[in-house]
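Visitor: Input sequences plus hints: build the corresponding full structure.
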Amino acid sequence: MRFRFWDGYQGASFAELVESEFPQLRPDLSGLYAGDRQIPTAHGTTVIGVRYADGVLVAGDRLATMDYRVASRDIQKVYATDGYSLMAIAGAAGPSIEMARLLGIQFEHYEKIEGEQLELEGKANVLSGLIRQNLPAAMQGLVVVPIFAGYDRRRSTGRVWKYEITGGRYEEKEYESTGSGSLFARESLKKSYRANASREDVIRIVVEALTDAADEDRGTGGVDTLRGLYPTIKLATEAGIEDVGDEEIAGIYEQVIGSRRRSTS
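Per our numbering, the sequence shown starts with residue 4, numbered consecutively.
Just so you know, the hints here were simulated from the structure itself, not pulled from any lab data. The model shown is predicted, which means the values in this text are computed figures rather than measured ones. Don't take every hint at face value.
Stated by the list, open to error - Keeping only pairs whose Cα atoms sit at most 27 Å apart, straight-line, the calculated BS3-like set for lysine-lysine is:
| no. | residue 1 | residue 2 |
| --- | --- | --- |
| 1 | K237 | K193 |
| 2 | K165 | K194 |
| 3 | K165 | K237 |
| 4 | K165 | K176 |
As the list claims (entries may be wrong) - Restraint-style ranges between C-beta atoms, simulated for each label pair:
| no. | residue 1 | residue 2 | range |
| --- | --- | --- | --- |
| 5 | S201 | I108 | 26 to 36 Å |
| 6 | G261 | M142 | 41 to 51 Å |
| 7 | S266 | L138 | 41 to 51 Å |
| 8 | G171 | K194 | 23 to 33 Å |
Cβ coordinates follow ideal geometry from the N, Cα and C atoms, glycine included.
Guide: Structure representation (structure tokens):
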């Protein structure tokens, strides 16, 4: 059964509903510019999406930078957009976080209006539209380049998509990374990735990749044992979304560092 709470727009898109019925609620990014000069904004990097035996893993470091300064050591870059999908953000932090939250609202709105969930590929298409709407801001430096991933219940498999600033999306069969440290993360994943990796193995593979990225890229935050800050890691499987706890990540990180110490001694 479909429910309608307004008399105007009749579609299932929350973004189009806001545009049509409540234009005053649209984000206004004009205040981020002073003449032709962009006001410094926080940027977040690096994020990773990886397919594995049980589904998909999405992870991100916790550092946000503003020019050469630390803007935040504890930013959230991986968001559950519903019970089976995840979005990882890279780029201008403010618009990226807002887009992740709007995406979750869009999925919830669609389900309430249509009485069923979007297919996973349809969810990936919705994010394309949001990125396309952000293109004018992206052309002025407020770039949002996320990773979208989830568990496709119809196909019983995990899936990962990458995006470009125009909204173009491309499905990756193995893994993807974006952000300033993505080159180093992908090089690490290229050596260690296995499609049939277990849950523990894929977490270790991603912790190693983020550690490698942090070692080579000053914009990527590594594990901060002093402050107890560890990467955000979430899994999407047939059972839904799972958060990997800091204790488990800390244990795997110690194994990674211990192995590297032994190999250099």
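Visitor: All hints, please: hold or fail.
Guide: Each hint tested on the structure:
A threshold of 27 Å between alpha carbons decides the hint, and for K237 with K193 the separation of about 21 Å falls inside it, so the pair holds. The hinted pair formed by K165 and K194 meets the criterion: a straight-line CA distance of about 20 Å does not exceed 27 Å. Restraint check for K165 and K237: the C-alpha separation of about 17 Å stays at or below 27 Å, so the hint holds. Between the alpha carbons of K165 and K176 the distance comes to roughly 11 Å, so the proposed pair stays at or under 27 Å and holds.
For the pair S201 and I108, the beta carbons lie near 34 Å from each other, so the given range of 26 to 36 Å is met. Here the CB-CB span from G261 to M142 is close to 46 Å, well matched to the stated 41 to 51 Å. Evaluation of the 41 to 51 Å hint for S266 and L138 yields a pass: the beta carbon distance comes to about 46 Å. Distance hint for G171 and K194: a CB-CB separation of about 28 Å, consistent with the stated range 23 to 33 Å.
The structure is consistent with each of the numbered hints, conforming to all of them.
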